[in-house]
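Trainee: The chain contents come next:
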Amino acid sequence: MKTNWLKLALAVLLVTAAMLFTQTSAAQSAPKDKIAVVVSTLNNPWFVVLGETAKARAIELGYDATIFDSQNDTAKEAANFENIIASGYKAILFNPTDANGSIANVLKAKAVGIPVFCIDREINSTNAATAQMLSDSYSGCVKLGQLFVKTVGKEGEYAELLGIVGDNNTWNRSKGFHSVVDRYPGLKMVAQQSGEFDRAKGLEVMESILQAHPNIKGVFCGNDSMAMGAYQALVAAGKDKDVKVFGFDGADDVVKSIAEGKIVATGMQFPKKMAQQSAEFADEYIKGKRDFAQKIAVPVEVVTKENVGKYGDYGKK
Amino acid sequence: MRAVRWFIAIVVIAGVCWLFPLFHVVTLKTAAAEKAAVTFNATLFAETLWTNQLVPALPKCSPAEALIALIQTDPAAAKKKYSRGAGGGDSYFYFVAGTGRIIAISDDEISIAVTAGSTNAEISLQTGLIFGNALRDGTGLLSPSDYPNSQDFNDISAALNHIVETGVLPKLREQAKVGAKISFAGCVEVDDESSGLRPLKVIPIQTEVQ
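If you read the sequences in order, they're chains G and L. Under the working numbering, the first residue of the first sequence carries the number 1, and numbering increases by one thereafter. Under the working numbering, the first residue of the second sequence carries the number 1001, and numbering increases by one thereafter.
Fair warning: there could be bad hints in the mix.
[What the hints assert, rightly or not] Restricting the straight-line Cα-Cα distance to at most 25 Å, the calculated cross-link-like pairs of lysine-lysine (DSS-like) are:
(1) G/K316 - L/K1080
(2) G/K34 - G/K110
(3) G/K272 - G/K241
(4) G/K310 - L/K1079
(5) G/K317 - L/K1079
(6) G/K154 - L/K1201
(7) L/K1079 - G/K273
(8) L/K1060 - L/K1201
(9) L/K1080 - G/K273
(10) G/K150 - G/K239
(11) G/K150 - G/K241
(12) G/K316 - L/K1079
(13) G/K217 - G/K262
(14) G/K305 - G/K241
(15) G/K217 - G/K175
(16) G/K262 - G/K241
(17) G/K175 - L/K1201
(18) G/K150 - L/K1081
(19) L/K1081 - L/K1060
Think of the hints as simulated: they come from the structure by calculation, not from any bench.
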């Protein structure tokens, strides 16, 4: 009798264990919801950090996440969106290539119920994306402009390397900088050319500017890749001690260059913070939240030799 | 018969094209005028905002004397009680008004003691070139979410700063005298607490020297 009870208990235990195992296996094999991370370009370490951080945070939150590279091309971006829509993604974390050109892609996703969260770069619409988390480039460049005047002086020639002309960040940075510098009539901008946010292009443009204008005292660059390219051109021309270089982004190599006294300053944009927050927004949306602020301006902080110790790894230490 | 059919087809096509034209011819002059009509006019917007919203909002300013007293004893409590955030960063804003005595005047600032019996510069009215977003963001009247293109939103800052430079500062500079009593209202952006709190750097919206 006792043996029968023992057998029965063992059988119940085995059946329960088998059921638990089956349920766990089923839970493990159930497909996870997918989040797409669409990045304007992966040919710039700053955007790689942005994309990888968004992806990592989405995975931490329990999703499958994939990065799509638009290669700074709206046509490739459109193809990425078609692919994402057809593949059943639940949300898109989006770094657009063009403030106007990317709106149609966002609207396509919206039409099929996929929320889009813009990161860093904006689209010129307030009713397409679910939310847009944007660096306050203008304010950051006002502060950089004030530092530029303080460092370079109120007189002399300078140059500006613009980013991609279709991107609002390009103009917000340029306008913020000029809202200060243009108030000093002694400061003459002798060249303003696009380096397309690219290091090699920044180097090339800076070389040609130096040939035409050898007496410039400073160069304001719309991002850190171009600042590194410009600095490289100045080193090659033997002018790196004479021309003050200013960047924008907070890229690690520039932060290190500021510590070494090679570059004067940059604007720290906190890409990791923005990427993580956008993944969290997507998670909240999938779980039912709908009331998001349309545009959230993330403050930019100026990194100089005096405070560089506080910054690193694309943010504050 | 065939000619009649052709005639009817042409008439129908012409009618459809007349009702629903495939394209419109617009002169370059008209196109430029239409574009200008939809372009955001930051100057006009800022002037309207100044008169209809900013000046009427001045009674909502935090009291300068209470704010300064709390900053002296507990800056974090002052920030919590009186400030307006700037989107999660280190910088924040005060929208502040008060009365004090002018203790010093330089090219770029007018220093004011607010606390009774104080001879310290507790407020620095900014009277040089005005930069940044303190006026746009310090009052809480505007939100970036209302502007499809952030360039428009940023242009508002420049336009508001211009109103201060041209409409507020000339009269203030002319009337200000050391020792005179002054009432003021304006916005402060605190970017760095080590240098931005003592004195508070106020961009003036309204001033009255007695």
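Trainee: For each hint, tell me whether it holds in the structure or not.
Mentor: How the hints compare with the structure:
Our distance criterion of 25 Å between C-alpha atoms is met by G/K316 and L/K1080, whose separation comes to about 22 Å. Of the supplied pair hints, the one linking G/K34 and G/K110 holds, its CA atoms being roughly 16 Å apart against a limit of 25 Å. Of the pairs offered as hints, the one joining G/K272 and G/K241 is violated, with about 32 Å between alpha carbons and a cut-off of 25 Å exceeded. With a C-alpha separation of about 22 Å, the suggested pairing of G/K310 with L/K1079 holds against the 25 Å cut-off.
Our distance criterion of 25 Å between C-alpha atoms is met by G/K317 and L/K1079, whose separation comes to about 23 Å. Proximity of G/K154 to L/K1201 is assessed by CA-CA distance (about 23 Å); at most 25 Å being required, the pair is judged to hold. Proposed proximity of L/K1079 and G/K273 is supported: the alpha carbons are some 23 Å apart, at most 25 Å. The hinted pair formed by L/K1060 and L/K1201 meets the criterion: a straight-line CA distance of about 19 Å does not exceed 25 Å.
Annotation: proposed proximity of L/K1080 to G/K273 holds, straight-line Cα distance about 23 Å (limit 25 Å). In summary, the hint linking G/K150 to G/K239 is supported, as the alpha carbons are separated by about 20 Å, within the 25 Å threshold. Using a Cα cut-off of 25 Å, the hinted pair G/K150 and G/K241 holds, with the two alpha carbons roughly 17 Å apart. In summary, the hint linking G/K316 to L/K1079 is supported, as the alpha carbons are separated by about 21 Å, within the 25 Å threshold.
As the CA atoms of G/K217 and G/K262 are separated by approximately 14 Å, the hinted pair is consistent with the 25 Å bound. Proposed proximity of G/K305 and G/K241 is supported: the alpha carbons are some 15 Å apart, at most 25 Å. Of the pairs offered as hints, the one joining G/K217 and G/K175 holds, with about 20 Å between alpha carbons and a cut-off of 25 Å not exceeded. A hinted pair counts as satisfied when its Cα atoms are at most 25 Å apart, and G/K262 with G/K241 qualifies at roughly 8 Å.
Distance check on the hinted pair: G/K175 and L/K1201 sit about 24 Å apart at the alpha-carbon level, within 25 Å; holds. A threshold of 25 Å between alpha carbons decides the hint, and for G/K150 with L/K1081 the separation of about 34 Å lies outside it, so the pair is violated. Between L/K1081 and L/K1060 the alpha-carbon distance is near 14 Å, which keeps this suggested pair within the 25 Å criterion.
When held up to the earlier numbered hints, the structure conflicts with 3, 18 and fits the remainder.
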